[in-house]
Amino acid sequence: MDVKKAVAKISGVGFGELSRKFTLSSKELAVDAVIAAVQDAGLDKSAIDGLIVNRSSTAEKSILSLRIQDDLGLRNLKITDTFSSEGAAAVQMIQQASLAIHYGMAEHIVCVFADTPIMEAQSGGDAYAITMDLDNVIGWEQEYGLHGAVGAYALAMQKYMASYGATEEDFGAVAIANRAWAGKNPGAFLRKPMTMEDYMASKSISAPLRMFDCAFPVNGGCAVVVSAVDSSAGGDSGSAYVRGMGQGHGGYKTYGGHDNETVTAARLAADTAYSMAGITPADINHAHIYDAFTYTGIIGLEDYGFCPKGKGGAFYRDGGTAPGGKLPVNTGGGQLSGYYLQGMTQVSEAVLQATGRAEGRQLDKNDWILASNQGGRMDYHACLVLSCNKGN
Amino acid sequence: MASVPYGPDMGHFWDGIAEGQFRYRKCNSCHTALPSGSWVCPECWSKDLNWEVASGSGVVWSYVVYHRPFSPKETVPYNVVLVDLDEGIRIVATVDCPDEDLYVGMPVESKFCEETSGKKLKFYPLEK
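Protein sequences, first through last, are from chains A and B.
Quick note: the first sequence uses the working numbering, first residue 1, plus one each step.
Quick note: the second sequence uses the working numbering, first residue 1, plus one each step.
In isolation and in its complexed conformation, chain A is listed as follows (with noise of 0.2 Å):
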């Protein structure tokens, strides 16, 4: 293989508060989470030459927009961009900046996600009960009750729970070895141990989905910003350096028998970013994997090459993810028991290992290190190949 080196960095990472109540807007949010990642890369506010915005499709156009660029004064913009592509954006928003930085069109890109799912007459499990167009035909899913990414997640489950002999006690592996990392990061929001009994006992949404299935939702943001590999920036806290980086998006077919429920297009990105980085699954150290739903999790881990597909829940139950495990997998807790920023969530946890910044959970290895996300139900597929060191 041929490793190469890195496209460009992420050279700070920097949060908006994250908080169970509505106490401040998206906007204000991710001006919070920019004016930290630039302090955290050790920059001034003048270098930045380049801002991403990635608000939730579930939110608003009016609620986050580029017209943070003036509440933050930043006067030499050389690229901008809105990514509103559900939960894959936060990836993708780094990968565009990353091209624009190897190609010199801008030296420090600021990219952040901000989302309040939790308002004061809206619940978190509210904020995602869209409605899904599973079949073209507006109006008609609504008819029957097909609310939410619950329902379609809960059909993807099923699916594959039939076609492969995998069992609820599999879903609730995943939800138990988060947990266990999320006790190990004071910033998680679910910290305490679960048991198999524990995931049982929670409640049914959509079954076989339950509430231990599905994301913890938060208000707060997220911003990261990427640098030209050689830049000083990041010089104190350290960087995580993009060596691969991937897409893939296969479309919801409801037609010919296609099977969008167990078959992922996250396959052609994980290819297309290890061949980029020169590796194989089999290098990675670490992994973050898109879990807004436990089964998530588990598909992600096949579809990223790490075990054969059906051997997910089997890979999660023998303890193959926990902390001491072949694979960490998620180790600030996930999306699960940590913090729902969407795609930030990994991006952000892999970037604190990167950069030897995960305090108590904080692994030896950091030389290949995976950060993926997904959207929609599961047609948006990109991820990123990080290291703790920059390449030839």
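Hints may be right or wrong, so weigh each one.
Here are the simulated DSS-like cross-link-like pairs (lysine-lysine), alpha carbons at most 30 Å apart as the crow flies [claimed, not checked]:
hint : chain 1 : residue 1 : chain 2 : residue 2
1    : A       : K78       : B       : K73
2    : B       : K47       : A       : K253
3    : A       : K159      : B       : K26
In case anyone wonders, no lab produced these hints; they're calculated from the structure.
Source: prediction; values computed, not measured.
Assemble the complex: chain A is given as a structure, and chain B must be docked to it using the hints.
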């Protein structure tokens, strides 16, 4: 239900539901059976699509049983299924049977029920 401003005119589809028919599209060029909302063939890009009427028999591809209500319209528990129709398209619907009887691969047959909002397509288990 009226058609939406942006998208294909679904009037003929909804008229079919009112008449007790499930209508779907078939490409005149490559003969692929397509979802009812299709207006261009995703296989060959032809826009020459026919309307066809489904026989109404199929097999459950997957299913979900809601226990948490998300709208006042529904009473939990209720099931939502993906059904593979024999013609080759997959649709969202419900099966009129005890939720615990559902399984992936269950053969089902359609029926139209009278509801306050008009006719509604449902499925029931097909005895083998």
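The hints, checked one at a time:
This hinted pair does not check out: K78/A and K73/B have alpha carbons roughly 50 Å apart, beyond 30 Å. As the CA atoms of K47/B and K253/A are separated by approximately 18 Å, the hinted pair is consistent with the 30 Å bound. Only pairs whose Cα atoms come within 30 Å are accepted, and K159/A paired with K26/B is accepted, the gap being roughly 27 Å.
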